[in-house]
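Colleague: Sequence:
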Amino acid sequence: MGNEEAVFYSRVLTELTLSFHIIYATIGVGVPLMIMIAQWVGIRKNDEHYILLARRWARGFVITVAVGVVTGTAIGMQLSLLWPNFMELAGNVIALPLFLETFAFFFEAIFLGIYLYTWDRFENQKKHLLLLIPVAIGASASAVFITIVNAFMNAPQGFDVLNGELVNINPLLAMFNPAMPTKVAHVVVTAYMTAAFVLAAIAAFRLLKGSNHIYHKKALFLTMKVGLVFSIAAAIIGDFSGKYLAEYQPEKLAAAEWHFETEENAPLILYGVLDNGEVKYAIKIPFALSILAHFNPTAEVIGLDQFPEDEIPPLYIHYLFDIMVTIGVWMTLLSLVYWLGVQMRWKMVQSKLFRWLIVLGGPLSILAIEAGWWLAEVGRQPWILRGLMRVEDAATTSGHVDTMLILFSGLYLVLGVGSIVVLTRMFRRNPVEQELEDRHATKGADIS
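Under numbering that gives the first Met the number 0, think of the first position of the sequence shown as 0, with each following residue one higher.
Calculated from the structure, these hints are not laboratory results. All C-beta atoms in this analysis are idealised placements derived from N, C-alpha and C, irrespective of residue type, glycine included. Mixed in with the good hints there might be a few duds.
[As the list claims (entries may be wrong)] Straight-line Cα separation of at most 25 Å, SDA-like style, residue types lysine to any residue; simulated pairs:
| # | residue 1 | residue 2 |
| --- | --- | --- |
| 1 | K216 | V336 |
| 2 | K217 | T63 |
| 3 | K279 | Y318 |
| 4 | K217 | F353 |
[As the list claims (entries may be wrong)] Label pairs and their in silico Cβ distance ranges:
| # | residue 1 | residue 2 | range |
| --- | --- | --- | --- |
| 5 | E87 | K224 | 45 to 51 Å |
| 6 | K44 | T261 | 53 to 59 Å |
| 7 | L273 | A234 | 25 to 31 Å |
| 8 | L15 | V278 | 27 to 33 Å |
| 9 | N295 | T101 | 39 to 45 Å |
| 10 | I282 | F121 | 53 to 59 Å |
| 11 | A234 | P285 | 18 to 24 Å |
| 12 | E260 | Y318 | 18 to 24 Å |
| 13 | V420 | K283 | 43 to 49 Å |
All chains, please: the whole structure from these sequences, using the hints.
Modeller: In structure tokens:
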């Protein structure tokens, strides 16, 4: 296998691993917060349905955590196996956030185990709720630290370069790089948003399948309301991300927006196709790109004409941006209409069609997360460490990467199918109605 083939298969395997892992990682970051909110609402309202929500979500969460551990371990291994030159160059810099991410995971896992083991062992549910705080903090902290590594790859700093090596390393300066605030905030908030919409899709699906229990209606309203809050937050942070790109990675912004010429009063281009370098059939919003980049409708936005051709990211990232933004706006509007509809008692939001739209929102939210990460990674090309090391210079020269790709593909297929089967059987064999009856029977026996 030549070096070009090794680079190609390394990129494919890395993309496959990240794309699979991000599903479980996103759920792993967002669901603990949802569990904590549900249990807090249940305690505050003295409502057993919300308490049961937290309990059932926690059971399913354990399965996703287990799969996330496997795929997360695979990412760490592949960093060394597939990108050895990158790790040799930058390993000393990213070692601290990688260690902190591992520590945060163990912190989360320890308290998650205690939380699960102590159900019904506290007379005061508020004390049990306290165990969820470190679980939620640990889950979010894991996302923060691993995203800091990615932010460093986009905006490397905190070192000097001497004879092709990074010296005089300041780990804290490297961690708190210009990309860190917006990237970390966007990853964490969209994880909360996506987890809420995935859980909402499950609740809507159960209602559509004939389980008209109030439990599912409460779950749907809670998750859609939380999803609305975080979708608005994601939009605000996304605006700040655009301003970061305009300042520090203008080539990524220009490629994502098909902004070829540096100009003032720059329009925002949505959708469309490229025909010999000409944009056709696109929606152009006047001044919007200047506003996104500099919060000034007349500001100048740097175009791709200012960059060497071999440093311009692939132009198909424009479609990834469109997918991410379109789904984000759609889910915001859908959750807003649902919340207003419940408040105003519109029959429309209780219809089968509207509930099917909510069900569709679950996989669409996952797709938006995937598109966002593909945009982030492909938009950094041709660099693995922006301005310092190109992807082809970082990759392994091993001739067995194609075999690794086949083996890991098989592993992810087994993990994906296995987790779906386990989760489906877990909840199908223990429906909400039966669990509520069992809890009532247990309470009655305790009273007698």
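Colleague: Hint by hint, say whether it matches the structure.
Modeller: Evaluated hints:
1. K216 with V336: holds, 16 Å
2. K217 with T63: The hint holds at about 23 Å.
3. K279 with Y318: The given pair, whose Cα atoms are some 14 Å apart, holds under the 25 Å limit.
4. K217 with F353: holds, 16 Å
5. E87 with K224: 45 to 51 Å: Check passed, 48 Å falls within 45 to 51 Å.
6. K44 with T261: 53 to 59 Å: holds, 56 Å
7. L273 with A234: 25 to 31 Å: Roughly 27 Å apart at Cβ, these two residues keep to the hinted range, so it holds.
8. L15 with V278: 27 to 33 Å: Hint holds: Cβ distance 31 Å, inside 27 to 33 Å.
9. N295 with T101: 39 to 45 Å: With a Cβ separation near 43 Å, N295 and T101 satisfy 39 to 45 Å, so the hint holds.
10. I282 with F121: 53 to 59 Å: holds, 55 Å
11. A234 with P285: 18 to 24 Å: Check passed, 20 Å falls within 18 to 24 Å.
12. E260 with Y318: 18 to 24 Å: Once the Cβ atoms are compared, 21 Å apart, the range 18 to 24 Å for Y318 and E260 holds.
13. V420 with K283: 43 to 49 Å: holds, 47 Å
The structure fails none of the hints (numbered hints given earlier).
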